[in-house]
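Engineer: Same order as they appear, the protein sequences are chains A and B.
Counted from 1, the first sequence has number 122 at position 122 by the numbering used here; the numbering is strictly sequential.
Counted from 1, the second sequence has number 74 at position 74 by the numbering used here; the numbering is strictly sequential.
Hints in this document: simulated from the structure, not taken from any laboratory.
Please note: incorrect hints may appear among the correct ones.
Which copy is meant is left open, because identical chains are indistinguishable; a pair holds if it fits in one copy or across any two.
Claimed, not checked - Heads up, simulated DSS-like pairs for lysine-lysine below, C-alpha to C-alpha not over 27 Å straight-line:
(1) K37 with K354
(2) K347 with K180
(3) K298 with K390
(4) K85 with K354
(5) K28 with K264
(6) K253 with K180
(7) K354 with K56
(8) K298 with K56
(9) K56 with K347
(10) K180 with K85
(11) K347 with K85
(12) K253 with K85
(13) K253 with K354
(14) K21 with K354
(15) K180 with K28
(16) K390 with K56
(17) K264 with K354
(18) K253 with K56
(19) K390 with K37
(20) K253 with K21
(21) K347 with K21
(22) K180 with K390
(23) K28 with K390
(24) K21 with K85
(25) K253 with K28
So the chains spell out like this:
Protein chains: 2
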Amino acid sequence: MNVAVLGFGVVGSGVCEVLTKNEEQVEKRAGTALNLKYILDVREFPESPFAAHFVKDFAHIESDPSVAIVVETMGGVDAAYEFTKRALTAGKSVVTSNKELIAAHGCELMRLAQEHGASYLFEASVGGGIPIIRPMSQCLAANEITEICGILNGTTNFMLTRMIRNGLTFQQALSEAQAKGYAERAPAADVEGHDSCRKICILASLAYGWRIDPSSVPTEGILDVSLADIGYADSYECKIKLLGRAVRMGDGKICVYVAPHFVKRSDPLAGVEDVFNSITVSGDAVGDVMFYGRGAGKLPTASAVVADMIDIARGSTQFKQVLWTEAEEEMAISPALLSSAFYVRMKCSPDWAKSRFPGASMLARPGAPTDEVGFVTPVMFEGELREILKDETVYHVLRVL
Amino acid sequence: MNVAVLGFGVVGSGVCEVLTKNEEQVEKRAGTALNLKYILDVREFPESPFAAHFVKDFAHIESDPSVAIVVETMGGVDAAYEFTKRALTAGKSVVTSNKELIAAHGCELMRLAQEHGASYLFEASVGGGIPIIRPMSQCLAANEITEICGILNGTTNFMLTRMIRNGLTFQQALSEAQAKGYAERAPAADVEGHDSCRKICILASLAYGWRIDPSSVPTEGILDVSLADIGYADSYECKIKLLGRAVRMGDGKICVYVAPHFVKRSDPLAGVEDVFNSITVSGDAVGDVMFYGRGAGKLPTASAVVADMIDIARGSTQFKQVLWTEAEEEMAISPALLSSAFYVRMKCSPDWAKSRFPGASMLARPGAPTDEVGFVTPVMFEGELREILKDETVYHVLRVL
């Protein structure tokens, strides 16, 4: 079975490497050899062991009937979107790690695949090599999913880990993440939470069957997380973690958002450090199930892509279905309807905080200015909190998981 | 699509409950309704909402061509084995939670299923509701699995948690586990490690493609774990956990065993408490991936059974294959070939221990007798250790993970 890889970047080159290195294993599992026939890239790679496979024009791949599987590891929504549509229309199955494209056009592309008897698979789009798309859509299929909560971005988790463990500032942590190749030069997609947002939207769409549009999801990154916040969290036996959450409400709507949270040290999510990701799925029958592993990286992500290719080669019919559809009304609602305790760092006196938030837990940190107070409120709605704080100087507010 | 459930015990009744409670969800995911037609049990359940479905003779089910799926939740290898063979021979797919039967006759039953165009699925046999069978055989298919290591038995993990956290003795912990319904009256399968052994054999068979026979696997339970051992572990920043391990050796053989281990508190496995299970799978591409959740219990296990039924209803071809075969030579080898550090508790002087094990870490615990010493050896082979200790009074030896 012939394969074409679009984009010879980190993931694309990893796919070529896994296909070559584990050739025997892959053939045994797939029931047929997966032959790398083309690699599409505008760049030249004369030194690559795969140099003979490079082409520059997608039409080569599109018009070759011997290519059964196209691996799209280009990223972005422009050329990737166009080539995916053309490949599916030509009856070729497409495997991708492109979360942006799935979150934006997943519905349409799954439908297009179905119309042309092809598959459109995307295990690698969330959690890198962690099996999560298949387990959610298959193994947990008997459950009503009540909540999904995850650390979905390895870069920001690495940065928070370094800030918490080693006292680095945000900027220092970012520089280190960039030096190690975990963060890009333009790190906005990671640090502003957009990457986590796309992933929680994919998981929520899968769990609930409705497309959740990333642009409708309140998204807060880690730009405003300071060492002061980390100090208060520590005194409350918490770590600060960037979480994507999707919570099913009583009316069937889904509360979806991305934000940094206080997470109790005893919670398994607090133990997820460095570039690791972890996703907890709660089902009415199964209870909490957690998936943990490297959420990114060349070979882990490639391993998920190749697993999808093996499924296609085996002729699995499992994924020849449209896993979610466009809802007629907006299914994602604001976390304003989700009550929780809140951490607040603000300019006030402890007495003021205690009088306005009876039952609040007062926090302490070394070196706090005398007019700064950190505390955790009782469980309440965000609107109530904002109303009390509306005329005050508030430095930061975070939810407590 | 009509369904028959064999055995109305904990899991069987849970399956009936999930099918009824999540009927709409199940039908949507399966693409067809799953109708509970028969329940086979020798007992009477006149008060059950499912009373009308009970039959006492398997021939009823076997001879009804409208029954497409048989759920075997009887346990054991006698009647369960016979009925499974007869159901598969009649072309019916079988879903089971019966790890004993899979570990003993999985090969033969998968072959029989294949011959008759049926499926034989067993997601619920390991890890209760935790998705592990499918993720291993599908999502990690591109990997060479280098190691599987897991807390596979909820009962013993609950007991160890109570011993570590609350200072209960083995007997007290067992009584509490029995009172809570976690342990059976005859707890040997749990506390002697046989249940963990069957599960690691299933996982190893799946990962490596060869049948691993439980009777060939060295299995040590938690009967000999004392509060003294737990005290020494604590001083070494470790918890004692009962682990099943399968490690791929250089020659393709697999070192499989079950034993209590010292596990560093910083290891994610150490954070797995109470009745929870956790399985870490290491692959050459994906690195370490961990799966965590309730490893047993009525609804979690039922949720895995129903997921398998949904797959069959969807017509997935995925599992119409024989996932492992009988090897011509024994593939499982003894852990004697696996070097590690060892914890030793014995009668000797600290000086004796230091002289015989240069570089050993000496441990301490409150209330230790003056002639007792606890220490952790450097990394070595078990044979070397046993040779040094052969004439001594040794209370307990455990591997350090």
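Engineer: Hint by hint, say whether it matches the structure.
Structural biologist: Evaluation of the provided hints:
no.	hint	verdict
1	K37 with K354	neither (68 Å within a copy, 61 Å between copies)
2	K347 with K180	neither (37 Å within a copy, 50 Å between copies)
3	K298 with K390	neither (46 Å within a copy, 49 Å between copies)
4	K85 with K354	neither (58 Å within a copy, 69 Å between copies)
5	K28 with K264	neither (45 Å within a copy, 37 Å between copies)
6	K253 with K180	neither (40 Å within a copy, 37 Å between copies)
7	K354 with K56	neither (66 Å within a copy, 67 Å between copies)
8	K298 with K56	within (23 Å within a copy, 56 Å between copies)
9	K56 with K347	neither (59 Å within a copy, 73 Å between copies)
10	K180 with K85	neither (35 Å within a copy, 56 Å between copies)
11	K347 with K85	neither (54 Å within a copy, 73 Å between copies)
12	K253 with K85	neither (31 Å within a copy, 46 Å between copies)
13	K253 with K354	neither (35 Å within a copy, 65 Å between copies)
14	K21 with K354	neither (62 Å within a copy, 46 Å between copies)
15	K180 with K28	neither (36 Å within a copy, 45 Å between copies)
16	K390 with K56	neither (57 Å within a copy, 69 Å between copies)
17	K264 with K354	within (22 Å within a copy, 41 Å between copies)
18	K253 with K56	neither (45 Å within a copy, 45 Å between copies)
19	K390 with K37	neither (62 Å within a copy, 61 Å between copies)
20	K253 with K21	between (46 Å within a copy, 20 Å between copies)
21	K347 with K21	neither (58 Å within a copy, 51 Å between copies)
22	K180 with K390	neither (41 Å within a copy, 50 Å between copies)
23	K28 with K390	neither (63 Å within a copy, 46 Å between copies)
24	K21 with K85	neither (30 Å within a copy, 40 Å between copies)
25	K253 with K28	between (44 Å within a copy, 18 Å between copies)
Going down the numbered hints, you'll see the structure goes against 1, 2, 3, 4, 5, 6, 7, 9, 10, 11, 12, 13, 14, 15, 16, 18, 19, 21, 22, 23 and 24, while the others check out.
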